[in-house]
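> Going down the list, the sequences are from chains D and H.
Residues 94 to 540 in the numbering used here are what the first sequence lists, from first letter to last.
Residues 1467 to 1851 in the numbering used here are what the second sequence lists, from first letter to last.
Simulated from the structure, these hints should not be mistaken for lab results.
These figures come from a predicted structure and were not determined experimentally.
Misleading hints may appear alongside valid ones.
Stated by the list, open to error - Covered stretches of chain H, going by a simulated chain D footprint (3 or more residues, C-beta under 8 Å):
{"no.": "1", "segment": "1528-1540"}
{"no.": "2", "segment": "1543-1549"}
{"no.": "3", "segment": "1569-1580"}
{"no.": "4", "segment": "1587-1599"}
{"no.": "5", "segment": "1607-1616"}
{"no.": "6", "segment": "1808-1816"}
Even for Gly, the Cβ is constructed at its ideal location relative to N, Cα and C.
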Amino acid sequence: MTTGTKAPPVSATVSAPAKPSASAARDYRGVVHDLSKTVMTDWMNQLQAAVHDGTPTAYLMISGNCVEILRCFDILPVFPEINALQLAIRKKALPYILKAEEIGYASDNCAYVKADMGYTLSGGVGEEGTMPKPRLIVCNFVGCNVYIKWFEQCAAMMDVPLTMIDIPFVRENQPSPDDVRYVMAQLRTLIEDCEKLTGRKFDIDRLREILAYSARAEEGWALAKSLCRARPSPFDCYFDSINMMGPINALRGTKAAADFFDGAVAHYQKMVDEGVGALDEEKFRIVVEGPPPYPYYRNFRNLFEKWKAVAVQSTYSTVGGTWEFGFRHDPERPLESIAEQMLMHNLCNRTMTERYAQIRAYVERWHADALVIHSVKSCRLFSAGQGDMREYFTKELGVPTLMVESDLEDPRYYAEAQMKNRIDAFFESLEYKRIREGAPQPAGSQP
Amino acid sequence: MTVVDDAVQQCRDLLDLLPAEALARAQERHPRVAGFAVFPVYAPVEIIHAAGLMPLGLFGVGNKLEITNADSRFQSFICSIAKSTLELFLRNEMKGFTGAVFSSICDVARNLASVAGRNAPGMYLEYLHLPQSSPTEACREFTRSEFRRFRDNLGARTGRPITDDAVARSLGLYNRVRALTRQLYQERRHRPGVLSAAELFTVAQACTRLMPEDAIPLLEDLAASLPMRKPVSRDCVRVVIEGSFCEQPPIELIEAIEAAGCHVVDDDLVVGWRLFRHDVPAGPDPVAALADAYVADSCYTSVRFNAAQPRTTGLLRRAKDAGADAVVFAAAKFCEPALLDYVLFRKALDEQGVPHLKIEFEEKMWTFDRLRTEVETFTESMLFE
Ligand code: SF4
Ligand code: SF4
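So here's chain H without its partners, still in its complex pose (with noise of 0.2 Å):
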């Protein structure tokens, strides 16, 4: 095995853990850590970790658990996402966990955190309203206010206060971590097939399930061999996936639009861990720094209003700056955010002649034979044209 192989592999087995079997892992390495769940899409990581607790990713749990309570307490017509995280709360699942953190991405989510905490009495649950406005001071000074909020209550409720110091070394470790991942989005953004979207995807995604300190040597390594490795070369389309910022598609998926003829050169997948577009200066006040760069140096997505950066343009020019030559619109069942955007996606990219599909997934989906012919078409449509 290369290391690469080994590497992606090592994620892979992460994957496949619940969230608590995780933080058990990572307690083999840093002994009595807690945990401490992050729904998606972005939350200060930073400020988790500088509270001596592990931040996690809470991504549903795809299909590693049956739904048997939690879709009582929510419809058929919420995503799955959703249901899978309420009901490792329902089943007590969350063992190790000190407590999550939701925010403001979408009714769903807000009710979730509600019903969770309900549900999960001895649990700290935190909701942060991220703001939904143009940088303007006044957005700056509310989300410092907001950052600061979550700082006190976390250290109250631990009973140790974060110090400025604490989390300038976390964003230390976080900045490296992003930084390595954009090195790797970039690697394959230029020779594409030398990393697999599904590959970068599950690297990506285990980074939301390792501790900093542990994900930046296995970054590490990856960048490194990564030179080495000889890209897969075939006939492919260059695509951006788009609309996957909160559930997580079953790496099936990515593999069959892979397999159908594309090369992801750009995604949304796990964007709340990558954020931000540069490293964020700590500086004298650090959590100021942090909603700083959530307020002005953030990429788009779905979840945010920014009047400054409006999303159409995002996307076209994530495309543009990939060389992409079409893309694909993956969302998740239910998602009204994903779903609502995709009417000014398809208007914008139809006024400038990008191809596109959409396409519909949920954690539970177990056959991608029809997806994979639906992308065939499209990229044969696209390449024999």
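One chain only, chain D, in its complex shape (with noise of 0.2 Å):
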């Protein structure tokens, strides 16, 4: 078992003269964020009339997925996560929670999977609802155990079959070529079920293709995040993130994925250009760790904006793929490079103290104050034993550390008053070291 923590280098470097200036920050959330919301309302809009036009469909997870070989037969990937997540953001996730304790399940289960079921079973899904009904459940076992049971339940709920693809954690330095060798096996069954599904013969070259507009999307992915080294910092990339990753973890494969992201990278390169931030002073540079808490994503986040704190970089961005230390689906290679984004290239599949050491590259690299850990009781995969890795950071590192605690989407975790109390806290500390230590303020601030 590997237990290392070594910094994994680092794909793209872009370094950028720090020229503060007011122009366009206003406008930075707007413009990516806009493109982003284009591309995945069209696909929204796809699923909208799946529900009744026939259009084959397929449950996937996000973690690690290979939505490529679906996308290869025309089947529309479906994701219960993003299902959940939409619920949270929307505050519309209570009920369904509720529904889904009244079946059975316990209040400690992961709320995603009890959103998603309660919305379900309350006619969400189907004919009737606004979500298609899948005809394939895949279950991409990328890390999450909870992936298994959440796939098994809608299967049986709705009596859907279920293709499983194990995928083997990575458990020594590399995925050994069994480890590789048992995913390929479990890819073509996939595609054996695709064909059976639709009726098409699978087609090689079409993967290629799609695996190339991946590539592309995922070299955007490298460098918009590299951007982020930069002071001030393009984006966020905690609370921004979420803008990019739909379209590299749902829409991966397709051009509009590909375009997606030259447009932003567009965008952020500009705004680096002309020294502009995401926020009009960045004072504060934090590395964020686990998912946030949907329900209160504005809330959460106007409490570090306060602060004048940017994330520039966070290990939750990267649950579908670590495409910034360097890997890239390869059109050459496609069951292969496929089978190994799935075992070892997406932060899920790997150990705790492997994510110490992404978490340490993205503090030395992409130069941040602070370490911020949301603790999220729903999502176990994340969470369990954070306080170990708040042991390491600051006792080890020496990086100053936050842990903060509540939901990715059940509201009723999020305590604002107490969270304020911490944050608050927590950058004062950081602003009265700072001042104790005359050290200079960061580029980007005013004087």
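Reconstruct the complex from the two isolated chains, following the hints.
In structure tokens, the structure reads:
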């Protein structure tokens, strides 16, 4: 088992002139957010249409997914995690969570599952609802064991066939050839299932084309994220990453997603060239670990903005893939590269200590002042052991670390006043430390 | 004291010890044997034993140790076994152990393996990916390769390659342990009350703290003496306990369930150590045989997906085979695999008209009155309906 905390290499480096400017800063969220909204809305519209028009659809999970294979058969991917996320961010999750608890889910179960199952059982999926009933359920078991239960339950409750793709956890430095063989054998089974579902033959050249679009999007992702190494950072790599996560995880393999990243990178590059940051003043640079509290997304964000703290990197954004460390899908090695990505190049299928190494690389190479851990009750994949992470960063590396708790889906676990107190106290002490040490004001901040 | 009482008492004494103390006890008979801890649910203990090590079940520490360090590492919403296991590592209470093995049962166990490893740098920690797929050829091949990797790593660590002969010998011993345990379960099923659930649980768990060479005579004595023992006969509901496959409930909880009017006729307590339904034939390649048995001959658990053997079907069959009237679903608090499985279990039981009751436990639980009343209300409603 690997326990090393050596930082992985970073794929792209962009240095930026630190030139404070008041221009365009207000627009940053608008442009890329709108670009993202356009492509995501188009997909949502396809989902809506698929409720009635018979388009073949399949459920898939986000983490280290193999959406390209579905796309190769024109099977429309449906992501229940995105459904859960949207319910939470629109503040609609609680009634569905309660509904799920009525049929036996425990208050301690992952609330993503509960919200989605509650929604499904309330008629949200299928003819009467807003989401198409899947014709196939593909469980890409990449790290999270809850995935298995969730999709088994979907399959049982909706009576839909389930294809399980068991991805061995990374437990040596590299996946072994046997691991890769095992995954590829399962991908071939998935391909057969897709052939049966659609009546079409698998076309490997089509898959190569799709993977070329994936690789282009991945390159864009890596470039955009490396732009956050600039001072000031052109976007908040935690809160604004959500604009890029939809396209990279759900729409990967499409031209639209690849184009989206071209547009996003061009925009962020311009901001960096002009010295424009995500905030009009960047005082603190943080790395954030853990998923956000979606039911209170805006409130949570404000608590950091108030301190002019911007996230320059985040682990949550890498659940689908750690593209910033160099991996790209390879059209020349289609199935192998899909298998390798599922096995190795995403956050979820790697150990906690490898996550420490990832965060450490972020802190060092993205020049962060502190680490913020948002510990969520629902998601033990992320949270179990985060106290040890705090210990490692504060005691062994001397990185100021704040840990706060709530949930990513269940609004009952968010205590605003307490959250605010903890965050204020943390930044006050960071500020005090800076004054005491006589550190120069960071670039981009007002005198 | 009868033979049975005496054997159960020995087992109870063993369970009162911390893992390192249990190891020291074994070393009195097996000088110099080092320990190798096995976190639930399953690991191929035969390979560990064949390496000249003593496989020892790592089921947390119950209330034998105050948790002072681990709860700052694992939050309040994490199961007790994860915290108490980490506490052992943080307090350097794993003296005499070469290492430990964890497997892909849940997100918590996976992170625990990593955190424990970071905090116990001298220990050799292994993580097994036990497959979550149906018994296809690819699954079988993968599992064989995973067991071989474990064997090779362990051999490299101890500096002594593990031979097929040694694995076959260990397999023979563990086959015997499992067969005798199955026999005790069978006996209890047919003559409920002959061995209480608390007694059988004590014995089964104690066997995870004994070398198989020592477990065998103990189990043989027990099996031989049971026919002479008079079953306690009471008006009871025959129940299956489900949900306790990883963290083990306090023994008092099992006693409370029985005192509340239940005859436990089957359960999934310590299930990983008695996973196989039949003896595993060693054959020419005993490591492959073990892997194949894991893939195709293990009983269902909440920590494994196997489309060929849905867990709901498994539970219904378990209840039917044991002639159970009801199911008591006893899950460790915060145990995601157990609590998520309850949803489909409950649905299946309702559809088949099997009464069921859900309870939750934690290691540090110390009062069982409320729980006993709950179970009593449940059994009375069944007995006097
Ligand atoms: S446990 Fe975490 S990763 Fe798994 S389904 Fe829930 S929120 Fe997603
Ligand atoms: S008790 Fe449950 S959640 Fe805890 S380690 Fe065991 S299986 Fe995982």
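> A separate judgement is required for each hint: does it hold in the structure or not?
So, going through the hints one by one against the coordinates:
1. Three residues within the 8 Å Cβ limit are the bar, and the segment 1528-1540 of chain H against chain D gives 4, so the coverage statement holds.
2. As drawn, the segment 1543-1549 of chain H meets chain D at 3 residues by the rule of a beta-carbon pair under 8 Å; at three or more, the given contact holds.
3. Residues of the segment 1569-1580 of chain H lying with their CB closer than 8 Å to a CB of chain D number 10, which satisfies the three-residue condition for coverage.
4. Coverage of the segment 1587-1599 of chain H by chain D holds [criterion: at least 3 residues with CB-CB distance below 8 Å; count 8].
5. Chain D is given as covering the segment 1607-1616 of chain H, and this holds because 5 residues of the stretch bring a CB closer than 8 Å to a CB of that chain, at least three being needed.
6. Requiring three or more residues with a Cβ within less than 8 Å of a Cβ of chain D, the coverage given for the segment 1808-1816 of chain H holds, as 5 such residues are present.
The earlier numbered hints are all upheld by this structure, with none contradicted.
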